[in-house]
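Given the sequences, and given the hints that come with them, work out the whole structure.
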Amino acid sequence: MIEVLAAPLPASIQDLGRPGYRHLGVPLSGALDAEWLALANALTGNPPATAGLEMRLMGPRLRFGNEVTLGLAGEFSAVIDDADGTRRRAANWRSHTLNAGDVLDLGPLRSGIGYLAVHGGFDVPNVLGSRSTYARASMGGLNGRTIAAGDRLNIRHDGSETPNPLRLPHAPPLDAGPIRLIAGPQHDYFTDAAWDSFVSGEYTVTRDADRMGLRLDGPILEHNAALGADIVSDAVAPGAIQVPGDGRPIVLLADCQTVGGYPKIATVIHADVRRLGHLLPGQKLRFTVVSIDEAIAARRCAAQALATCIGGILPVASEYNLDALYGANLIDGVIDAGTAY
Amino acid sequence: MMPCLLALGDGALTLEFGDRIDAGLNAQVMATRDALAALHLIGISDVVPTWRSLTVHFDPLQLDREQLAACLMQTADAPLQESALTTRWQIPVVFGGEFGPDLGAVARTTGHSEDAVVATLCGIDLRVFLIGFLPGFPYLGELPEWLHLPRQKTPRAAVPANSLAIAGAQAAIYPWVSPGGWHLLGRTPVRLFDLADAASPALFAPGDSLRITSISAAEYHRIAAAVAAGEIAPSHWRAP
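Chains as they are written, first to last, in numbering that gives the first Met the number 0: chain A, 0 to 340; chain B, 0 to 239.
Think of the hints as simulated: they come from the structure by calculation, not from any bench.
Note that CB positions come from ideal geometry on N, CA and C, so glycine has one too.
Don't take every hint at face value.
Said to hold, decoys possible - Some chain B residues close to chain A (C-beta under 8 Å, calculated; not the full set):
(1) TRP50
(2) PHE132
(3) ARG237
Now the structure itself:
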């Protein structure tokens with residue numbers, strides 16, 4: 000059991016989402032960055048789709064009621080206060096085993112979002128095939144909402160053995176290039192000038208940014224006067240960029256509604272939608288157009304890169320044993336201690 | 000207008016039959032949905048029918064995009080048939096007052112009495128053209144032309160759950176508290192989305208039809224209490 004001592008910003012339990020119900024208006028939901036959730040899970044010996052905790056900007060402070068092995072995917076500044084009073088930094092991109100009474104303060108996040116997975120996964124109900132939280136309809140996760148101080152998060156015990164500590168040798172890089180997209184179903188609703196400024200301009204993420212979408216500031220996109228800024232609602236998807244009458248684009252994310260009535264100028268390719276989840280208010284972004292074939296190739300490439308990354312996970316050598324070995328002068332110069340964390 | 004295929008990113012294809020609210024287009028959308036389902040393609044996660052289009056969400060690494068595109072074009076002219084799955088509903092609504100704060104303004108704007116607005120809504124069969132926007136949220140149509148109003152200029156930050164609202168040719172019922180720019184006419188005590196019924200959590204399905212009956216505030220409170228206590232099964236709202 001994990002007790003939430005403080006949760007200053009929204010953090011929610013997410014897995015890979017709730018496909019199969021969009022015809023009933025139920026959004027896909029799921030982790031904004033499914034790859035990092037898969038990495039957090041791999042570090043704790045879980046299957047990639049196991050539900051973990053998704054945090055944005057800042058992680059909560061947690062107290063552990065019993066021994067728990069957890070994995071951190073993200074750029075946290077996490078600190079562990081042991082039950083015996085010692086304080087240590089909790090390195091990112093590795094697993095940690097915490098004991099009863101230990102407190103983990105995940106602190107501010109430099110990566111926008113980050114994931115915490117626990118060995119066995121969080122014990123919350125499976126709702127319509129998923130444990131993902133969709134707060135707007137009080138669905139999934141912990142009582143259908145983000146976590147709050149005083150909550151208790153139970154962990155599923157699937158009987159599997161606690162894995163030895165694992166680490167990723169390198170933090171997985173987040174591509175810094177322009178966000179790739181393909182022309183949207185209603186790109187013809189916009190003037191040529193609007194399209195040009197959309198793909199050549201720079202946009203800034205506004206404060207209107209959550210799991211449903213990001214509202215962007217930048218060049219105003221003018222609709223074709225003959226067609227207007229309204230369509231008869233049709234389906235949308237995470238990554239779709241819709242432009243209401245004010246000409247300011249909105250990029251949809253995992254919790255987006257299933258249909259929408261604004262023209263969609265473009266759709267971010269699947270491989271890059273996860274990058275959108277990391278963007279913070281004030282951050283700048285640019286777009287670049289690719290073909291459908293390039294988008295599918297990028298999706299295949301991302302799946303392979305994730306598999307390679309998971310395949311590169313290594314055991315963490317015990318710090319204490321290393322210290323002992325160094326103390327005994329037995330391995331001086333043989334092992335690069337810097338890679339042991 | 001010939002049906003055309005539109006790319007909604009690399010993970011979804013939209014077959015668009017038209018750009019209007021039109022019962023004929025919607026019937027073709029439903030026929031195509033049924034014909035596509037019969038193909039049992041692997042790699043599809045969601046099939047979303049709307050007023051005038053059918054969107055297939057899929058994994059292009061599992062299902063070849065060109066193959067799916069060909070299947071969609073092939074099924075686009077599937078013969079229309081009455082789906083055996085549609086249900087007729089009778090849904091009680093309390094109109095006006097705190098339950099429908101825009102009823103007075105809608106009556107004034109359209110030059111009719113409040114009673115005429117209520118009588119009109121209760122006198123037509125509303126068809127469920129699509130479920131979307133929010134879990135269980137039905138888009139209903141079509142309203143007579145004199146009731147077509149543009150959306151409000153400034154949307155409300157929080158429309159109360161279970162509000163009956165209209166905009167343009169459409170009516171809808173909000174199953175959840177939500178921002179919204181439609182005109183609020185009344186409220187139903189009926190639960191439109193219930194996770195306790197995991198097999199079919201949404202009360203309505205595309206293709207269903209419903210009739211609205213006007214109830215008093217006292218009846219609303221009585222039914223709402225019975226719904227909250229779990230004393231009324233969803234099937235209770237089927238039309239006799």
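Now the hints, each set against the structure:
{"no.": "1", "hint": "TRP50", "result": "5 Å, holds"}
{"no.": "2", "hint": "PHE132", "result": "5 Å, holds"}
{"no.": "3", "hint": "ARG237", "result": "18 Å, violated"}
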